[in-house]
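Peer 1: Given next are the chains, with one letter for each unit.
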Amino acid sequence: MTADPLLEIRNVSKQFGATKALSSVSLSLYPGEVHALLGENGAGKSTLIKIMTGIYQPDSGEILLQGRPISLHNSAQAQKHGIAAIYQEPLVFPDLNIAENIFISHQRRNPLVRWGKLYRDAEKVLAQLGVALDVRALARGLPLAAQQTVEIAKAISMDVRLLIMDEPTASLSIHEVKQLFGLVHNLRKVGVAILFISHRLDEVFEIADRVTVFRDGQFISTAPVTEVTPEQAIRDMVGRELGDIFSKEPSPRGDVVLSVKDLSREPRFHNINFELHAGEVLGLAGLVGAGRTDVALALFGIAPAHHGHITYLGKEVHLHSPKQATHMGIVYVPEDRRQHGLVLPMSLMANISLPSVKNYRNQFGMVQRGKEVTTAEQYRQQLSIRTSSLAMPAGKLSGGNQQKVVLSKWLNTKPRLLILDEPTRGIDVGAKQEVHRLINQLAQQGMAILMISSDLPEVLAMSDWILVMREGQQMGIFDRHEATQEIIMAAAVGQALNNEAERAVVHA
Amino acid sequence: RAQDPEPIKAEPGVELNMVLLPKTLGNAVFDEAHEGAIEAHEELENPGELIFNAPTPDNAIPGQIEIIEASITQEVDAIMISANDYEQLVPSTTKAMEQDITIVTWDSPVSPEGEELFIAQVDFTETGTVMADMALSILGEDGGQFAILSATPDASNQNAWIEAMQAALEADEKYANLELVDIVYGNDDPDDSYNEALGLVDSYPDLELIMAPTTVGIAAAAKAMQDEELCGEVAVSGLGLPSEMQEFIENGCAQEFALWSFKDLGYLTYYVSYLLASGAMEAEEGVVFEAGRMGTYTIEADPNREDGLRVLMGPFSVYNADNLEEWAAGGDEEGEPEVEATEEAN
Amino acid sequence: MQQSKRWAWLKSWEALMFIILCAVVVANLRLSEHYLDLNNLANIFHLSIEKSLVVLIMAFVIINGEIDLSVASVMGLSATVLAERYDAGWPIAAGFALALCVGILCGLLNGLFSAYMGIPSLIVTLAGLIGYRGVARILLEDRSVGDFPSWFTSLGQDGIIGPFPLTIFVFIALFILGFVILQYSVFGRYVYAIGNNRAAAEYAGINAKQVKVTIFMASGLIAALAGAFYAARLGNVRANAAEGFELDIITIVLLGGVSIFGGTGTMIGVGLSLLVVLNLRNGMSLSNVDGNTQTSVIGLLLILSVLVPNLIQLLQRLLPRLFSVIAGFMNKGGATKPKSQVSVHQ
Amino acid sequence: MRRIRRWVPLQRLREFSLVIILIIVVLIFGNQIDNYYTPRTFNRISSTVALITLVAVGQTMVVLTRNVDLSVGSVVGFTAYFVGRYVSKNEDMAPLMLAALAMGIGAGMGLINGLLVAYGRIPAIVVTLGTMAIYRGLLVEYSDSKSVATRELPDWIKELPQESLFHYGEYELRALPAIALAAVIIIFFLLLYSSFGRRLYAIGSSPEAANLAGIRAPRMVTLAFTMCGAMAGLGGMLYLARFGTITVDAARGMELQVVAAVVVGGVNILGGSGTVLGAMLGAILIGTIEQSLIRMNINEFWKDALLGLCIIIAVTVDRILINQLTPWWSRTELQRMPEEPHAAV
Ligand SMILES: Nc1ncnc2c1ncn2[C@@H]1O[C@H](COP(=O)(O)OP(=O)(O)OP(=O)(O)O)[C@@H](O)[C@H]1O
Ligand SMILES: Nc1ncnc2c1ncn2[C@@H]1O[C@H](COP(=O)(O)OP(=O)(O)OP(=O)(O)O)[C@@H](O)[C@H]1O
Ligand SMILES: [Mg+2]
Ligand SMILES: [Mg+2]
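Protein chains in written order, with my numbering: chain A, 5 to 512; chain B, 1308 to 1653; chain C, 206 to 551; chain D, 5 to 349.
Hints listed in this document are in silico derivations from the structure and should not be mistaken for laboratory results. Where a beta carbon is used, it is the ideal one built from N, C-alpha and C, also for glycine. The reader is advised that the hints may include incorrect statements.
As the list claims (entries may be wrong) - To give a feel for the contact side, a few chain C residues facing chain A, derived at Cβ under 10 Å:
no.: 1; residue: Phe380
no.: 2; residue: Leu382
no.: 3; residue: Val385
no.: 4; residue: Phe392
no.: 5; residue: Ile399
no.: 6; residue: Glu407
no.: 7; residue: Ala409
no.: 8; residue: Gln415
Using the sequences and the hints, build the whole thing.
Peer 2: Below is the structure:
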């Protein structure tokens, strides 16, 4: 780190209407370092990145590349300077196949496409990441995690000097994260500078060399990782001491709400069995692509199961549409908030009330704005959604704040059975605690909750039971008291199958 | 037949704002009519305006109504209409007449209660006979199969002409060998007409003649025959514009076709409207008047429309290889070719 | 910030339309002394009442992310059904009811094929455009039916308050209804949500297919109603009634700020755009501008209304950059200034 | 099966299914119409479809980028008139020069569309709905509402439609279909193998992602519109050759036929997927139905209704076929939601 900085940000400011996203922040990145950027949701991290890649232009301040000021007007220019980014929201081209998606932005490619070479190269890049995706398949309908993988492949396939990663691990599980970190180490060795953003502090402290914290669009601190502790970093981010780490309080166990028998939908998942009582949280753990989302989609009626039985509130049901499921009190918080969770151009308020808007009618069938505002305001405070107005289009919120809106939207429907798919993806530490508290509170009020999460500590902390899946198979259900990170991981990668003794199947 | 030996003459110089409203813009025949109207306008030294306006084809009927209503608002003195519909313009034209605006139709009339009179280019019955005669002269005494390519199936004047032709065919023994096999419609669209003409050739291998009583249809059909090198086998005839048909007469894809002069039609229409709007003449049966260079005409009952009045312009000009050369030599400016009038038709 | 909020609406599409409307009205006032005639004011709306009605529902369709090209054909079919039944001896009211049912049925077919079969509505309704018109042709062939009872035609033609006929008040009522439903009701919320992101709306438990079918049926219903109005206004029906209306209708909706990709636009914007187009057309008609030019002017307006605000925005972005380049240029030559001055604060 | 699945991409299914439907359609009409399977029928339909196909090829490129060009009808009309007028005054103009002139004018008009869409940031439908009227108005102005007559044209252009390049028995490959076919082949490979082509797909597939990936979408979109205009310009010249008489209403309404061909041919109106091969098959399918209905011996007043019915049936069968075949091909694609929301133009 003795060399000159590769890239320097000096006094950059950016304003969106009434929101001051960045006010005079500075940051320098050295070749061969992994620099972590921390901050609450809406602190301005993604905005800074978009400035560094030419998507946004700063209102003031400058960017220096190896000491020389540069101005970036689009991301092609940034790429020319060797700056590449993995954005927070993966944006793949659904109609192109995976190989093309990976190589689309290579500027120096031949004017003619050599398909054979393209596929071979794509396979090589994906092999580096330790994933096997069919590079000839279209990217349409790819699960979020796979999209994230494609984005990562796209970035590392480029000849970069600075690689920016905006929450690349948000929907990955430990296994994939390990692979990614291996790659990051290699890149660091060859002198690439890496800017890394994550809300998972343990990851940050595992990989970063230096840590910078932003708060409310302002620069707070930069320090080598050895000189800060997680507590200190949180304090810098939040601006106050965060209360006690939340711990789950057990809630009274009610009647069976949902019971699933031999549920299958080939080839996604087979023979899933579990029972979920009122007041319980069932965690669904597994590696990316294990089929957890598909189980949820079957329970929500989007991709109905082919075989097996679902008994809900004592009656066998056939779920075939989200509308039907919602009517019965089953709701699903989807993992892909941009595609399935939000209507981006609609206001935050209208998004929150969308599934329950019928409850806001007056006697003439008109929507009562006043009541909507009250609800939205309540969630804004409870989940600390950072926005200048409730009328702000949801698409203009920061990623984490969007996720909070998605959560509010579904919590507000007051369901009997709540299915959460990666509920805290991209949410900052403070808000995460609040979400956990909320989930616990809902459980105590008698709601049954099915929670899918790739964040293992979260699953362990929140669940009463943990169901582990691997490649569509149910590997076992574990009691919260006996489950540990190691047991779950072992089951998820498939070791437990061999050793019958280690399988702690509790439920029938 | 004239009751009044002294024909009514127009007095030049009356200030009248007049609207010439053809069916649509962009059809060459209406431009010719416009020329004729301008000629009369200048001849009569009308200090008022002659407005030439028309809707687009995709807004034809409502567009004409809009123009009529706007003209009413502007308090013009006369509107000369080639109607896109026989009935649907009537509420508007009636309203105009209530406001003392002269409504004269030409080329294509409206229902008699919505107009003062109609300037008929030719007699509809005569059209039938002319077409039958052309068919006869092309197919010869021994006859053969022929088909009709019309504009739209709901075009009233086309249908009237076709009926007249069918009537003519039945009426006279000399047509006995002419066999009408089909009537198809090209929607006055070159593309559709072209394809319909080819469809006829495919469906009727023995077809010898396509009769198209529409300028768009006849040109498209002739081109289609030319492209398929069928000119020797299938002849094309009907109502066509000399300027558009010259080529096909020369290369033999068409032998004979007929039309009246649209320029004269515009001229006569203007004259009649001027006479009516200036109050010099009433639209009543039997009135005789003089229309400038075109001579004397009489207002008569329209035999095709009950209670309708018409001024019959006539006659047809039948064009073929012999007279078309003269016409071309005369050039466009000359106006009318010295062609034989259709004596044989009468 | 207060200040900026108060004036924020000025940047909205509605404000732009309002300004254009004012400009058009002022221009009309200057161009024609007849513009303010009560009759003319009535004509502005009256002559396009059918299109105006369908514009209201087309806004729903497009905001919902679909398109309905078949409206004009449904109008024609409904008018035809009404006329055909009347001709067959039914009372008008019964024919009217049947026409509305036929309209709903057409809408249902459009909806089923596009929402449930997953065929793009563009293709479904294009087939409808051809097919429904075809059914009208089957029913009436080349006939025209008129002579409706006078109470019926007078509903479409005669003023009930001053020169304003009933149809205008029906339009106003439907506009208010449409405005309230789209902007304030649960259904309107669904329309926007589905138009923006169908998947997210379905995850939210909204039955998008049902909403789409409902809108298509409403579109058929309103088009059928408009068809009946057309019959009443023109007093006569042919199978080609209202042909070609769809493009004008869609143009007005788009000018109203509705995105063709769905999800954006308001009823107020559409209403204003309707006023702009109607007044503009009226003004041009009063100035005797021909149909083609009228359409071109509206086309130009369509482009400029988006282009000008965009250009202003672009200039706002570019000018500071330009200044900074110039400033940097001068700095190099002139006085020394700190480097951080290169970019200019806003 | 595996191997086929691996090497034949899913998109080919669209074309496959269209070919099947085309065969069904031909069989049905062949059964109904005497003398149907003749070289004549083939020559007719191929000549008729050629013009639409050529313009549809250009349109495909625009639609792939999630735009649409509704002004093609007016561009065809304008160039047809302009070129006709021009060649009537310069009889000795070389054919290729004339084609270049036609394409140049069309490209100019397309360029205006493209600039307004890409740099003026106006939705394509708004721009081209506007220029559709403006170009038509320009034609009316320029021509003073007069028309070009066949006799004014040099012989070679009049004879172009009869020119036969190649024949097998009486089955001919005439100049117009040959030009259209050449355009289809060239653009097909351009879209498949050039990085320009792939970027068009990328832009239409996700404009936001294209922006992030550093694709210069405005340039590409402008280029696509320009090429579309050039195709329409060439189409204008062929229109002139075919019809000879050009009025100000020439090719009015052609845009709907073209868009119909493109969409029936499986090009997603929301951009990102489809091929010119599909567009050509769409044009052929509609053209065959239309031309065959002309020859059917049925009441004239029934034909429109039948045409509408045939189109909707063909498209529905196509959709069902594809739905049946897709699972065979699908790999990791998940059919989660019924589809992306379909929207309008
Ligand atoms: N296009 C935009 N228009 C208006 N406001 C915006 C826009 N983009 C971002 N903002 C605002 O700027 C602020 C900073 O957003 P940014 O996305 O940079 O946050 P972040 O630090 O990345 O948060 P997260 O951790 O949630 O991703 C937020 O308040 C957001 O609402
Ligand atoms: N990274 C990946 N590599 C390969 N295939 C993947 C990947 N991600 C998803 N898939 C595909 O998606 C299918 C199931 O995905 P799904 O989203 O249902 O799993 P999941 O367990 O919910 O994963 P997630 O952790 O993203 O929620 C897998 O069978 C696999 O085919
Ligand atoms: Mg962010
Ligand atoms: Mg998942």
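Peer 1: Taking the closest Cβ pair, is leucine 382 of chain C under 10 Å from chain A?
Peer 2: Check failed: Cβ of leucine 382 of chain C comes no nearer than 12 Å to chain A, outside 10 Å.
Peer 1: With a cut-off of 10 Å, does the beta carbon of alanine 409 of chain C approach a beta carbon of chain A closely enough for the hint to hold?
Peer 2: Alanine 409 of chain C check passes; min Cβ-Cβ to chain A is 4 Å, inside 10 Å.
Peer 1: Should the hint that isoleucine 399 of chain C touches chain A count as held when the rule is a Cβ pair under 10 Å?
Peer 2: Holds - the Cβ of isoleucine 399 of chain C comes within 10 Å of chain A, reaching about 9 Å at its closest.
Peer 1: Against chain A, run the beta carbon of glutamate 407 of chain C and see if the smallest gap drops under 10 Å.
Peer 2: holds, 6 Å
Peer 1: Against chain A, with CB atoms and a cut of 10 Å, does the hint on phenylalanine 392 of chain C hold up?
Peer 2: holds, 8 Å
Peer 1: Against chain A, is valine 385 of chain C within 10 Å by beta-carbon distance?
Peer 2: holds, 7 Å
Peer 1: For the hint on glutamine 415 of chain C, does the least C-beta distance to chain A fall short of 10 Å?
Peer 2: holds, 8 Å
Peer 1: Min Cβ distance, phenylalanine 380 of chain C to chain A: is it shorter than 10 Å?
Peer 2: Violated, about 17 Å.
In terms of the numbered hints stated before, the structure departs from hints 1 and 2, listed from lowest to highest.
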